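K.L.:
Position chains S, G and Y relative to chain C; hints supplied.
Protein chains: 4
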Amino acid sequence: MGKQEIRYAARVDLDKEAYDQPQLHNRWHPDIPFAGTIKNNEVVKIECVDWTGGQIKNTDTADDIKNVDLTRVHYLSGPFEIENAEPGDVLLVEIQDVQPLQSQPWGFTGVFDASNGGGFLDEVYPHAAKAIWDFEGIFCSSRHIPGVRFAGLIHPGILGCAPSPQVLAEWNRREAELISASAHLGREVALPPQPKSVHAGSAGAELKERVGREGARTIPGRPEHGGNCDIKNLSRGSKVYLPVHVKGAKFSVGDLHFSQGDGEISFCGAIEMAGVITFKFTVMKNGMQELGMKSPIYIPGPVEPQFGPGRYIYFEGFSVDSAGKQHYLDATIAYRQTSLRCIEYLRRYGYNDYQIYLLLSCAPVQGHIAGIVDIPNACTTMGLPMDIFDFDISPGAPVKKLDLGACAFASS
Amino acid sequence: MGKQEIRYAARVDLDKEAYDQPQLHNRWHPDIPFAGTIKNNEVVKIECVDWTGGQIKNTDTADDIKNVDLTRVHYLSGPFEIENAEPGDVLLVEIQDVQPLQSQPWGFTGVFDASNGGGFLDEVYPHAAKAIWDFEGIFCSSRHIPGVRFAGLIHPGILGCAPSPQVLAEWNRREAELISASAHLGREVALPPQPKSVHAGSAGAELKERVGREGARTIPGRPEHGGNCDIKNLSRGSKVYLPVHVKGAKFSVGDLHFSQGDGEISFCGAIEMAGVITFKFTVMKNGMQELGMKSPIYIPGPVEPQFGPGRYIYFEGFSVDSAGKQHYLDATIAYRQTSLRCIEYLRRYGYNDYQIYLLLSCAPVQGHIAGIVDIPNACTTMGLPMDIFDFDISPGAPVKKLDLGACAFASS
Amino acid sequence: MGKQEIRYAARVDLDKEAYDQPQLHNRWHPDIPFAGTIKNNEVVKIECVDWTGGQIKNTDTADDIKNVDLTRVHYLSGPFEIENAEPGDVLLVEIQDVQPLQSQPWGFTGVFDASNGGGFLDEVYPHAAKAIWDFEGIFCSSRHIPGVRFAGLIHPGILGCAPSPQVLAEWNRREAELISASAHLGREVALPPQPKSVHAGSAGAELKERVGREGARTIPGRPEHGGNCDIKNLSRGSKVYLPVHVKGAKFSVGDLHFSQGDGEISFCGAIEMAGVITFKFTVMKNGMQELGMKSPIYIPGPVEPQFGPGRYIYFEGFSVDSAGKQHYLDATIAYRQTSLRCIEYLRRYGYNDYQIYLLLSCAPVQGHIAGIVDIPNACTTMGLPMDIFDFDISPGAPVKKLDLGACAFASS
Amino acid sequence: MGKQEIRYAARVDLDKEAYDQPQLHNRWHPDIPFAGTIKNNEVVKIECVDWTGGQIKNTDTADDIKNVDLTRVHYLSGPFEIENAEPGDVLLVEIQDVQPLQSQPWGFTGVFDASNGGGFLDEVYPHAAKAIWDFEGIFCSSRHIPGVRFAGLIHPGILGCAPSPQVLAEWNRREAELISASAHLGREVALPPQPKSVHAGSAGAELKERVGREGARTIPGRPEHGGNCDIKNLSRGSKVYLPVHVKGAKFSVGDLHFSQGDGEISFCGAIEMAGVITFKFTVMKNGMQELGMKSPIYIPGPVEPQFGPGRYIYFEGFSVDSAGKQHYLDATIAYRQTSLRCIEYLRRYGYNDYQIYLLLSCAPVQGHIAGIVDIPNACTTMGLPMDIFDFDISPGAPVKKLDLGACAFASS
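Residue numbers (the UniProt record's numbering), protein chains in the order written: chain C, 1 to 412; chain S, 1 to 412; chain G, 1 to 412; chain Y, 1 to 412.
FYI, nobody ran anything at the bench for these hints, they're computed from the structure. Source: prediction; values computed, not measured. Do not rely on the hints blindly, as some may be mistaken.
Since the list gives no way to pick out one identical chain from another, each pair is judged satisfied if it fits inside one copy or across any two copies.
Okay, derived cross-link-like pairs now, EDC-like style, lysine to aspartate or glutamate, Cα gap no bigger than 20 Å in a straight line [claimed, not checked]: (1) Lys294 / Glu170; (2) Lys57 / Glu5; (3) Lys45 / Glu94; (4) Lys280 / Asp134; (5) Lys39 / Glu94; (6) Lys400 / Asp390; (7) Lys247 / Glu81; (8) Lys294 / Asp321; (9) Lys285 / Glu344; (10) Lys285 / Glu42; (11) Lys247 / Asp60; (12) Lys39 / Glu86; (13) Lys325 / Glu177; (14) Lys280 / Glu81; (15) Lys294 / Glu86.
Bound-form chain C, shown alone (with noise of 0.2 Å):
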């Protein structure tokens, strides 16, 4: 008698494109073949390989990170058929656990090139910048950004059941609208449906070609069923309840984070990584009603990293923009306000603004929102916590510049 090693319902190869894996997919669509069955209340190992499928290496230069083809990204683990499970319950998704691959000790915290991908402050910050992180135990740190370090605070940044036809269509066309009309902006404001590099898991070329044609990006996190929330806390431990819009769920899962600060602001701005996650899947027959729910609810697991409340320094920031300009309780203008007063102060130290950047966006920073009532001034706040840096960053202590070495940069 004895307990079994818990079985993996997925397992990944690295040494191999995630474009050939069937196992894996790239976007969301209801008739995507299931990769494999999960019995109710089973418990599971699924692997996953980073978001970029392994384009961005373990060096020094960011060119990866410049050239990155974002058609080809976010391939998912799945999705996998969870028994029992029908439109209108609810899949309870107990993450029992995260970690990264054994063979592959390392994550990277990434700046996209503004002409390709962008990110939160990249009107400011246009240029690609990379770095890479190695796991010590539950830790990182990175050659990058000398003299930070942290425990990871480690999740899935997607995970979710797919849509019903329904429900995609929906999404199709809010987004289109967004795109017709937001067309004079010269930006790009959401991804439609998109035939390249289309990954539907192992299916036959004529579904491949509809999941291309109708198939959801899996860039946005979307309000029906979750998706790329990028939640930092919805870690180890955590109890996610998902709405299930099809027969069997079709649950999905990827783009791991070691750690990520809140609002992941560089866009490719956790530390990102292939590992595998234990997962224990439970349904909740007609959840979706008991609960009142339309969009997922999770509890955090009990084992954040803590740093007692007084650790932080909190960087405020208000719907001003840099211009001077008044905004009307802009939430997310504020809170680019506040993670510029975050670098601002930080570069009294010897960084230079893009490791601070990819800091901020991976380290466990808490983004809040404060006042959001009193017009026109949103005030956001960001959290930063003192003790994952080596030398005393309280305002009171004496700064000492230090040679803080550089963030990997593109060749040209």
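P.N.:
Just chains S, G and Y now, with coordinates in the frame of chain C:
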């Protein structure tokens, strides 16, 4: 030998109109006369009226909320001269304690009528509502929202130093610009200087008239000095670093909150109260340059109520509005959706929506910016502490609809 | 309409001898007359003197400590009649708040002379010493121990209900037995009833004489009712469940502490103070049987100072005494060794040993029983929060011996 | 370019007797040969067997516990040579991670029979008992103690450097002295060197014989080097500072625990398991003198399970034993009483006493020394986290006796 009681730099008289007390004022203006002088490194107590100056009563009707005179609000204590403080310095303000006044152990939370103040969800909840909270030591509870009880995370909603003439002019310029650019919206977007109900402390008639003409309203926080930032964890034990714009700093404080949720969503949304703060003031010469500071920063105190990370339910919201319209990375809309998701969830226990709206405004909910880069959807989260409820609100627990009474409403 | 101020069930007069105030007493005895009546579910405030009844002054000498009259200590407020409470019930006492008296914003920590009181380390540190602590809102600091400052975890050292005659007889029996069995040790091992300096509240002469003869001293806590348990986190927000042994409960409270370390090692070791507690009392009928209760239990409040687990240095100690003698699973000796290890460590910053001994008594150090089964060594640990120091005490940081003054000593 | 997998300094083979694996040993002795060499600043993984070397099986009987061979326990991995380490140095050991072996996702907790090992409460609970725990990612649960589930605070029970000949002689001297002084007690009080079942790693016959004659047993921790300290929060992320007594340090580690309560009261009381630790080793030259170090110190990691201070029930115990005998400031007896109070409380839910005894040994209960100076009673507390239970165990909640099965017992 023996330490004396701490000096009061200002007291208030709750039996007298705030308007008639010269140590109070309700505009930001560099020329409002000093209400007293505080030494560098001195510890003092400062009493404050509640933000409505006593307009809201401990009753079971929301008529007072509905008919509140919003020109007569935000009476601040001050401005105080801080010895040695000069423009370019930073004023380090340590909040050593905050307490309700012994003679008034209660506070209130209100939802303003959409036609007189409104709030974050006024399109859905346009009616005035109110809850009275009784203080029981560190805890509070409300006869208008039975079944909840929590410890206060007590703090001032407003603190800051007076603007210089240049800073004031910039405020007025940019807010006027917004007002004129938004005329077509049919909604109040900012509050320009307003001669009505001006309180300029001990100013004479002429100065008072000028303060009315030029002085900035106290409703919004502003990046240059903080002001009404409504930050829930700027609480006991916090150190706040405030830019100084005028000689003597002219520090003011008010709008005390027994507790507030991130966003303070119902606008009159914290547990508003009169009270007393113990401060220590320290001048950091040339601090703005040394800290690279454009907006205030702070370090929270060590004594926040702690629930444990696994004792929150988190709700997710995205920038798709209730009509199904897709917005572009709009964290404000995402947070509105997040709030609504939480209201929908709590309904099932027997609360009416206004009770929940009030509760989410004042209970220590965690409002986070989760993802702000995955076009087109911003994702925000709201963490609701389960332990403030008398009954088990976890998603897996059985639900029984309870008789949970009602909040106070206006009479017609 | 409007909530009234909370009623005071007892006040104290600091200008008057504790001995002469009839709402105080300094023995446990079932017949001490009620000092007042409190309703079931009532919230009241109760003021308390410091545990020495004002013998210790805010000075720079420890003469008062050296010469303290230990027969005149532990003046408790009460005993209060709690309506409906009867033997076998449990009295649920919620500590809603604890505050120093406004008129006395300071407290003290003492090391007693080995010949008059002693303490946990009196074989090593036999001399009287003292530190005065100034209260600064939620924080305290001492001119006698520079370089440290921390938030209080404020609590009563003593609370409990009066013993029944049977319980009192049992106390006297077993403690007398210990005294007689320990005569050869030449050390005071327990304090028998003592007619000197008896304070029996409003008792008449005859009763007072009997209380002196029979009444239990207040120094030790005792399992049947709690009493002087000196538990550092029985603080604001805590709910304590106390066995009731006599009709009306006869609840008493005193010995307020602004802060205490686990063990309160210097005996007069907390930051002792006069203050006021806000309580709510609720009677649980037949609670002792329902809870299977032989000794009090409690649930701490949610607002302890939080440092983060990684902000402590832990010291280890084992049951081998300083002379190299091996003891059998003796956690008391292990904890003494643990305390000494911490003193040895902190010496290197320039503190004298008495300063550290005082500090470990009153700062929020975590004293744990680690291993108690690995014969012959008990292992205990002491966690010292690094953030209470102004300078970096982590083992890896550079050490510079500072001028850290001195605590107060006795004059000869 | 790319970081390699972390090197294993030692692996174990669970299909082979521990006794036959040369990288293991079960005595402390300066002459046991090195099991390998680790560079200063190197990161390595080290696998360990469970402390009984595989004697305990995943079954539903406690016969294996009852008949355990206690001479064949505590197989440690090592001793490892740490380059550059010399006597007087301090070895800084960072525990970067601890994990169960993938192939054995379960552990055990046992109560030894009073005649073979015993435990802290063996006078009350003399029979052998066992619980098997299944690991579910960061959580564990047991079919033998239904109704509880918690996250591990995973750590090594034993780590330390080898004693010098002088240190070893001192250990043997003082423990022999205790044994001879305690002969009249009729109880084993310490374990002298024992030639039986000696495992001295790769030592030849002669050396092995000498190790058997002189080597210290691994059961107790000892002040000079730590060893079997069984400290529950010496967990992932911790930095331990260990005295070095011999050239090369001769570091050993073993006795991995998935979780342990303060005291590890049932002796085989943690959740014992085989596993793998990731360490980083750094030598601090002359560290013992610089740190004033006589016993190890450590700084815990930042990721402990966090329940919130208000989610514990605390039990109190005093140094009056169950027979009513008064002891003098005896924290060991107080903690025994504290443990019994907790058992009495939990009985009412339907657990049998042995289930609770096992649970308190391994769940993350907080065992504190509360008061250790109020003669004659020591007071200790035990904090039991309420959130590890599936049902509400708070004192105010209604109680329903449940069918909670049974732990494993021995067959007769």
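K.L.:
All the hints need checking, so say for each whether the structure fits it.
P.N.:
Against the structure, the hints:
| no. | hint | verdict |
| --- | --- | --- |
| 1 | Lys294 / Glu170 | within (14 Å within a copy, 43 Å between copies) |
| 2 | Lys57 / Glu5 | between (32 Å within a copy, 16 Å between copies) |
| 3 | Lys45 / Glu94 | within (12 Å within a copy, 28 Å between copies) |
| 4 | Lys280 / Asp134 | between (29 Å within a copy, 14 Å between copies) |
| 5 | Lys39 / Glu94 | within (14 Å within a copy, 40 Å between copies) |
| 6 | Lys400 / Asp390 | both (13 Å within a copy, 19 Å between copies) |
| 7 | Lys247 / Glu81 | within (8 Å within a copy, 59 Å between copies) |
| 8 | Lys294 / Asp321 | between (33 Å within a copy, 12 Å between copies) |
| 9 | Lys285 / Glu344 | between (51 Å within a copy, 19 Å between copies) |
| 10 | Lys285 / Glu42 | within (16 Å within a copy, 46 Å between copies) |
| 11 | Lys247 / Asp60 | neither (46 Å within a copy, 39 Å between copies) |
| 12 | Lys39 / Glu86 | within (13 Å within a copy, 56 Å between copies) |
| 13 | Lys325 / Glu177 | between (28 Å within a copy, 8 Å between copies) |
| 14 | Lys280 / Glu81 | within (13 Å within a copy, 42 Å between copies) |
| 15 | Lys294 / Glu86 | within (16 Å within a copy, 52 Å between copies) |
Taken one by one, the earlier hints fail for this structure only at number 11.
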